[in-house]
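Asks: Fit chains D and U to the supplied structure of chain V, relying on the hints for placement.
The listed protein sequences correspond, in order, to chains V, D and U. Residue 1 is where the first sequence starts when you use the numbering used here, and the numbers rise one by one after that. Residue 1 is where the second sequence starts when you use the numbering used here, and the numbers rise one by one after that. Residue 1 is where the third sequence starts when you use the numbering used here, and the numbers rise one by one after that.
Misleading hints may appear alongside valid ones.
[Stated by the list, open to error] Quick list of in silico lysine to aspartate or glutamate cross-link-like pairs, EDC-like style, CA-CA up to 16 Å: (1) Lys26/U x Glu230/U; (2) Lys181/U x Asp88/V; (3) Lys181/D x Asp88/U; (4) Lys181/V x Asp88/V; (5) Lys181/V x Asp88/D; (6) Lys163/V x Asp306/V; (7) Lys26/D x Asp284/D.
[Said to hold, decoys possible] Just some of the chain V residues that point at chain U, by a computed CB distance under 10 Å: (8) Ala98; (9) Ala214; (10) Leu217.
Keep in mind that the hints were calculated from the coordinates and are not lab data. Ideal Cβ placement from N, Cα and C applies to all residues, glycine included.
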Amino acid sequence: MQHWVSMQEYEPAQLAKLVQSALRHKRGATDEASALRERILTMVFFNPSLRTRTSFEAAMLRGGGHAICLNVGGDTWKLEHRSGVVMDGPCSEHIREAAPVLSRYGDLLAVRTFAALHDPAEDAKDQVIRAFADHATVPVINMESALEHPCQGMADWMTIQEKLGSTSGRRFVLTWAPHVKALPMAVPHSAVLAAAAAGMQVTVTHPPGYELNAGILDRVAGWCALAGTELNVSTDQQTACRDADVVYVKSWGSPELYDQAERQRADFARYADWTVGTEHVGPDGILMHCLPVRRNLVIADALLDDPRSVVVDQAENRMWIQSAIINRLLEGAGSSTSSST
Amino acid sequence: MQHWVSMQEYEPAQLAKLVQSALRHKRGATDEASALRERILTMVFFNPSLRTRTSFEAAMLRGGGHAICLNVGGDTWKLEHRSGVVMDGPCSEHIREAAPVLSRYGDLLAVRTFAALHDPAEDAKDQVIRAFADHATVPVINMESALEHPCQGMADWMTIQEKLGSTSGRRFVLTWAPHVKALPMAVPHSAVLAAAAAGMQVTVTHPPGYELNAGILDRVAGWCALAGTELNVSTDQQTACRDADVVYVKSWGSPELYDQAERQRADFARYADWTVGTEHVGPDGILMHCLPVRRNLVIADALLDDPRSVVVDQAENRMWIQSAIINRLLEGAGSSTSSST
Amino acid sequence: MQHWVSMQEYEPAQLAKLVQSALRHKRGATDEASALRERILTMVFFNPSLRTRTSFEAAMLRGGGHAICLNVGGDTWKLEHRSGVVMDGPCSEHIREAAPVLSRYGDLLAVRTFAALHDPAEDAKDQVIRAFADHATVPVINMESALEHPCQGMADWMTIQEKLGSTSGRRFVLTWAPHVKALPMAVPHSAVLAAAAAGMQVTVTHPPGYELNAGILDRVAGWCALAGTELNVSTDQQTACRDADVVYVKSWGSPELYDQAERQRADFARYADWTVGTEHVGPDGILMHCLPVRRNLVIADALLDDPRSVVVDQAENRMWIQSAIINRLLEGAGSSTSSST
Chain V
1 MQHWVSMQEY
11 EPAQLAKLVQ
21 SALRHKRGAT
31 DEASALRERI
41 LTMVFFNPSL
51 RTRTSFEAAM
61 LRGGGHAICL
71 NVGGDTWKLE
81 HRSGVVMDGP
91 CSEHIREAAP
101 VLSRYGDLLA
111 VRTFAALHDP
121 AEDAKDQVIR
131 AFADHATVPV
141 INMESALEHP
151 CQGMADWMTI
161 QEKLGSTSGR
171 RFVLTWAPHV
181 KALPMAVPHS
191 AVLAAAAAGM
201 QVTVTHPPGY
211 ELNAGILDRV
221 AGWCALAGTE
231 LNVSTDQQTA
241 CRDADVVYVK
251 SWGSPELYDQ
261 AERQRADFAR
271 YADWTVGTEH
281 VGPDGILMHC
291 LPVRRNLVIA
301 DALLDDPRSV
311 VVDQAENRMW
321 IQSAIINRLL
331 EGAGSSTSSS
341 T
Chain D
1 MQHWVSMQEY
11 EPAQLAKLVQ
21 SALRHKRGAT
31 DEASALRERI
41 LTMVFFNPSL
51 RTRTSFEAAM
61 LRGGGHAICL
71 NVGGDTWKLE
81 HRSGVVMDGP
91 CSEHIREAAP
101 VLSRYGDLLA
111 VRTFAALHDP
121 AEDAKDQVIR
131 AFADHATVPV
141 INMESALEHP
151 CQGMADWMTI
161 QEKLGSTSGR
171 RFVLTWAPHV
181 KALPMAVPHS
191 AVLAAAAAGM
201 QVTVTHPPGY
211 ELNAGILDRV
221 AGWCALAGTE
231 LNVSTDQQTA
241 CRDADVVYVK
251 SWGSPELYDQ
261 AERQRADFAR
271 YADWTVGTEH
281 VGPDGILMHC
291 LPVRRNLVIA
301 DALLDDPRSV
311 VVDQAENRMW
321 IQSAIINRLL
331 EGAGSSTSSS
341 T
Chain U
1 MQHWVSMQEY
11 EPAQLAKLVQ
21 SALRHKRGAT
31 DEASALRERI
41 LTMVFFNPSL
51 RTRTSFEAAM
61 LRGGGHAICL
71 NVGGDTWKLE
81 HRSGVVMDGP
91 CSEHIREAAP
101 VLSRYGDLLA
111 VRTFAALHDP
121 AEDAKDQVIR
131 AFADHATVPV
141 INMESALEHP
151 CQGMADWMTI
161 QEKLGSTSGR
171 RFVLTWAPHV
181 KALPMAVPHS
191 AVLAAAAAGM
201 QVTVTHPPGY
211 ELNAGILDRV
221 AGWCALAGTE
231 LNVSTDQQTA
241 CRDADVVYVK
251 SWGSPELYDQ
261 AERQRADFAR
271 YADWTVGTEH
281 VGPDGILMHC
291 LPVRRNLVIA
301 DALLDDPRSV
311 VVDQAENRMW
321 IQSAIINRLL
331 EGAGSSTSSS
341 T
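Here chain V stands alone, though its shape is the one from the complex (with noise of 0.2 Å):
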């Protein structure tokens, strides 16, 4: 069973495959989504979504398939993942149960569950995600889970080709940026790891105790030796975004002040001048963000609004390269569930 759980599992030329695969499509070729018609995607969403959920659908009604989408809450419907305990809690069901049974009712399974923000090492496990891929019987899909958000990095990925043509030797600055409350790292996890399997340069710079994820760092770091490239990480936002080809923007929480939004809010307003604005992107660079982006927090008006913006676009490009990967994860699945074919 192949799963679409972390960009780790693939090599940067299999990932780079799926890129070309979507630019394709996109631009017309439609065997490149052959693989969807008649088939069934179960979404099931522990958390809200507008582009997820939207991208998704739209992109498997293109390809002559169907969604369903199951909103199964927030802090009102949990599903247990732990193995072996008595279930006489919140949880009225487990992953084991919930897993194979949606397998049984479409041909491939997409889970978004974010990262709880209580305990860095725990969401670090990627434990919800891990057991849906664990005990479905269909190709699992990462629509976000604790430690990554793939398609997003992917779609990121797919724009940087198009925007600038190539991605190889370019330099990709991630920053972080201000904002009101505690956001999950999957996002910037997922679009360093893109960009260093893509080959480019990349830098990451935050305040000190904004630091990400180890793990992920030494994979980016390992892709970049591969590439020839190089990771840097930085407190100096300005030095290092001067001359990036993309600025990468978004905001995350300090593992160090999780579950104290009082003093995470103080942190925040201590570093309010890291909010992106013109002035951190060159004539000639792009700006990049995953959406949603609470504007003149932690982008200014003025850069999100100018032509060197690619925000919509990357939205877009989710779709696309969602299709290239669901229609690679059913050429290795079996055939169709569709009766009515």
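Replies: Chains D and U only, in chain V's frame:
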């Protein structure tokens, strides 16, 4: 870019064509929905819906297309529509991003966003649906906004045409009714706009303090003048309903009592005898209501269960008129997004 | 108008035919779902769902049809079902309008509405699903009502047939199990109805105070008599399970303790040793449960992970039997709504 945001942006003759198209389609003319095939309608609900959601999705499915339904919740998720603000409040995304992004996934964008009922002047600006129309790159459909519910108004027109055989010169009476809480004016606004555009004599009757939006009434008076009919506003329900061909019932809140739930409730009690019964509709008249309706508070059981009630037909006709509107918008837009054909 | 509201409205022989149809369909006979093509199922959920929603939507999609899923929420949106009341309370719409309106958009209407668990006599009337059946103009499907869950019962029957090769004369034991909160009786009711209709020896075992609905048990006894078998009710779980071919586990609340959460919880604790384990199922027996199941509270891990557990097959068979039920209802109804064919 042509949108379906307000009936006021169309000429009565254009609206009449939509009604004729919907009637032909209902009678079996499938070419009236031929542009829907393989198309995707993305629906964004800021407020709950039973009929609207189902009738739109059914219209797309029956035409061979698809609908994606996003329930973005009521209080929990808010989209910013104001320009230039620092987004450090409850809104995590701006319509400047949401509208163009959703435009990339599907062929049309439909939005439901009720009036806030705090400040009549704010509601009259209809800012949320306007912001979607400004920033979307596909046609935007109003599924009820602060000011209008144009799909409902058109379904009402279609139903009158169907039931009475003609609309020109017929007597249309919109009567207010009591309730337990203040409701928006979008439905009554669209009902009288449709009645005027259809060439009917229009009477609005409500207690003092329940005046409809003045700009809407101006447009209604203008369309009446164009058709050689008249708009009358009265606080005498019984006289107003006498000899009516159509008695259209709807409750709405008093703008003078917005944010004063207790005083509004007392005012409803004061006008408890405005509940509409069989005595308000003549033997050849028809009873209309947009639904949902609170029985024996807004309209008496005996009238709702009477053959003169056409409320279920009104609801069905939502599907047919929306199909006609979508067909018209797509004929005016670009080619299909679907890569599967 | 033929509905699927209660197994009691069908003869055992008619139900057996549905099981045979579903089994043929599962083995690849696509004509068993031919009536689903281009049809629309409208699903109305007053309570949450994972399996039911997904299995119904997948059944429709696999048959070339479509499903529209309305989550009308739990406490927030209520539909009135009583006649003649003044609707000045929490209900904003009456089923007298909702059912006929939704009948105009699609070809079938499916409704989930759990027992209120306040008054057993009220629950026994099954008023909400009955009101939908009375007022709809298309076939109504019970997706679990206050009294029955007939799709689950039929899926259970299909699974036993599949696993044991035959049902006639086999020993079926329904055993109660502890939980943390009172659950409805719809599933146990339908399980024993199905077992009796399938010609099995039926035993129900539960602690004192957990008696199932007397009318349901009368019907079970009648069907058993018809098949030459017997219904037994016992408070001795161990003896009841001995030599069972099927051990069907389910927790439900005591009608004597409705609205007394603390006393119910204490009663569950008192019967903690009713948790079902490997010792309750013989070497050739099978373990059944409708899911979701709380592991190590209702059923022990060791049994759920044992090859004798068929709970995932039960869940899959929901899809196949529902497809057969829908096919049957549509064959008995009018022609397709779809204008696109």
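Asks: Please go over all the hints and tell whether each is borne out by the structure.
Replies: Here's how the hints hold up against the structure:
{"no.": "1", "hint": "Lys26/U x Glu230/U", "in the structure": "violated, 31 Å"}
{"no.": "2", "hint": "Lys181/U x Asp88/V", "in the structure": "holds, 10 Å"}
{"no.": "3", "hint": "Lys181/D x Asp88/U", "in the structure": "holds, 10 Å"}
{"no.": "4", "hint": "Lys181/V x Asp88/V", "in the structure": "violated, 32 Å"}
{"no.": "5", "hint": "Lys181/V x Asp88/D", "in the structure": "holds, 10 Å"}
{"no.": "6", "hint": "Lys163/V x Asp306/V", "in the structure": "holds, 15 Å"}
{"no.": "7", "hint": "Lys26/D x Asp284/D", "in the structure": "violated, 24 Å"}
{"no.": "8", "hint": "Ala98", "in the structure": "holds, 7 Å"}
{"no.": "9", "hint": "Ala214", "in the structure": "violated, 34 Å"}
{"no.": "10", "hint": "Leu217", "in the structure": "violated, 37 Å"}
In this structure, the hints that do not hold are numbers 1, 4, 7, 9 and 10, in rising order.
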